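Visitor: Protein chains in written order, with my numbering: chain A, 33 to 428; chain B, 24 to 282.
Hint data in this document are derived by calculation from the structure and do not stem from the laboratory. Just so it is clear, the structure is predicted and the values come from calculations on it, not from any experiment. Glycine included, C-beta positions come from ideal geometry on N, C-alpha and C. Careful, some of the hints might be misleading.
[Claimed, not checked] Chain B residues, not near chain A, derived (Cβ > 10 Å throughout): (1) R104; (2) D109; (3) A172; (4) R178; (5) E269.
[Unchecked claim] Covered stretches of chain B (in silico footprint by chain A; criterion: 3 or more residues with CB under 8 Å from a CB of chain A, positions within the stretch not fixed): (6) 68-80; (7) 142-148; (8) 184-197.
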Amino acid sequence: MTNPNGRFGIHGGQYIPETLMNAVIELEEAYNHYKNDPEFNRELTALFNEYANRPSGLYFAERMTKDLGGAKIYLKREDLNHTGAHKINNVLGQALLAKKMGKSRLIAETGAGQHGVATATAAALFGMDCVVFMGEKDTKRQALNVYRMRLLGAEVIPVNSGTATLKDAVSEAMREWTNRISDTHYCLGSVMGPHPFPTIVRDFQAVISKETKAQMLEKEGRLPDAVIACVGGGSNAIGSFYHFIGDKSVRLIGCEAAGRGIDTFETAATISTGRPGIFHGMKSYFCQDKHGQIAPVYSISAGLDYPGVGPEHAYLYDTGRAEYVAITDEEAVNAFEYLSKTEGIIPAIESAHAAAYAIKLAPALDKNKIIVITVSGRGDKDCAAIARYRGENIYE
Amino acid sequence: MSNTAKAFQNGKAFIPFITCGDPDLETTAAAVRAMAQNGADLIELGIPFSDPTAEGPVIQAANIRALSGGADTDKIFDLVRDLRTDVTVPLVFMTYANVVFSYGAEKFISTCGETGIDGLILPDIPFEEKEEFSEICRRYDVDLISLIAPTSANRIGMIAKEAEGFIYLVSSLGVTGIRSEITTDLGAIIKVIRENTSIPCAVGFGISTPEQAKQMAEIADGAIVGSAIVRLSEQYGREAPEHIGEYVRKMKEAVCTVH
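If we strip away everything but chain A, and leave its shape as in the complex, we get (with noise of 0.2 Å):
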């Protein structure tokens, strides 16, 4: 999908500062080098099924599916995953090429915290030094996450600038990147940024995808018709969406956070209210006003409220290969509870945006038809949260 100069269409490319264009360029390098690599692969496949428990469950939600009275729902368990999110793939991918590479340290962004624990853990587990950039705001709503980080021997740094969510975070490890080079790895957290990183995020993810498509054929010996998955960044959405994209007869779904609705300024739904722009290293869509000034993004879930989207989503939209729909705070809380009391799963509350969608979709398919959901991650980590939406208020 990727074009040599790191472009989706007319998205993607390298749009950063000087100073880490050679960064990129021997991280390009290396992987291409490391992705072809069996020695390497051997490595990344033990620590995937050895240490992050894959591969992860393609569950038949048999409940659900009666009690919604249409199409077959299947959930991609990358909440059973070590850490509790689909984030592990891609951070053992680059943390293992980072040693590789001989750097010594990892940095990262964090929305939800599930990337910052992935990193962090990975960090435990090469020995590696690890510091996680968290908005402010975040390390608030998700001050558990925060705890398990330091526990890991990460250090946080909170973000106090823009809005102090996800997009500063990742503006201010980039910043750290391009003040420690030669010893640092950017460890980005979604299929973002400048290239290489949308292609080598969306390389470790596609293991979702690849097993979902043996574990199918497997139980159903057919392709789904459809699959849903949250969309912030996208890359639990473009790993589960990968080895199906020349499939033409599976649906790609992806579920954007639409906060408080796409009709207000309280939203994070990029391709529904965005436009093209550059920002973090790349041409894609963009939350943004009519001068370019990035806009201030909202959602109930911390790992969805990012004002852009990954290049290649940008472009499976622009082609109409996959489509992308808005889910609001409400739908996603009572999809968070459905899913909760109906098969004993608590979802993150970003998966339960895709499984909003499943909700209203399944209804309307035929009882032959089959729709895979990914749970991308767990929700212990949002119930504090949930409660106070509902007007519980406890605190962790």
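Starting from the known structure of chain A, fit chain B onto it as the hints suggest.
Guide: Relative to chain A, chain B alone:
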């Protein structure tokens, strides 16, 4: 010779930066005139951006003050039209790619040409991405300024060969901001630049004192100062122009001692 290159005709150049609209555009207009009257050879006008990823805390804060004060691209073009009624020193914009892209690159750059902006510095446009903007810049006689960094290494020659106007040599790793010392071997970088181009080379990032400006003028064709001036804006607000004028005079004197 392009207008930006003319800035280097009066000995070593002193190049101050200011964020437009910090705290308001009237103050910026007065500050630019004070800079010009006190010997600035070229002035960098920053168009504020919500998320300036190449800036340290001082200029980040100025961007927020300017945006909060209501500065936007159209008002800044109006500021330039006003300045060009009497200010003749070369002016360049320093902003981020999205400000230009979102306005429409053709419309933005043609308006630069029409209002009297001589160059454009986009810190998030490296060599690999420049064609999207440089082709339009050439049509409107606006120099797209190339940056070279301490990490450029094998890229220096390639960048220098295609550079226009002047080269902006980034003195240090990291973001903009005042530094007590600059440890990069700039002489070695400048030697490679000289082997590849005859256009002038000015050093920026981290410079604040007359001594530092003089040191830079000894090895390069000019010194660029941003954060130290923005700090005066922060400190003195609407009273800043006279302090900025005084600062520019001292800095220009320092670089002028080098021949």
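Visitor: If a hint holds in the structure, say so; if it does not, say that too.
Guide: Hints, one by one, checked against the model:
| no. | hint | in the structure |
| --- | --- | --- |
| 1 | R104 | holds, 18 Å |
| 2 | D109 | holds, 27 Å |
| 3 | A172 | violated, 4 Å |
| 4 | R178 | violated, 7 Å |
| 5 | E269 | holds, 30 Å |
| 6 | 68-80 | holds (count 7) |
| 7 | 142-148 | holds (count 3) |
| 8 | 184-197 | holds (count 3) |
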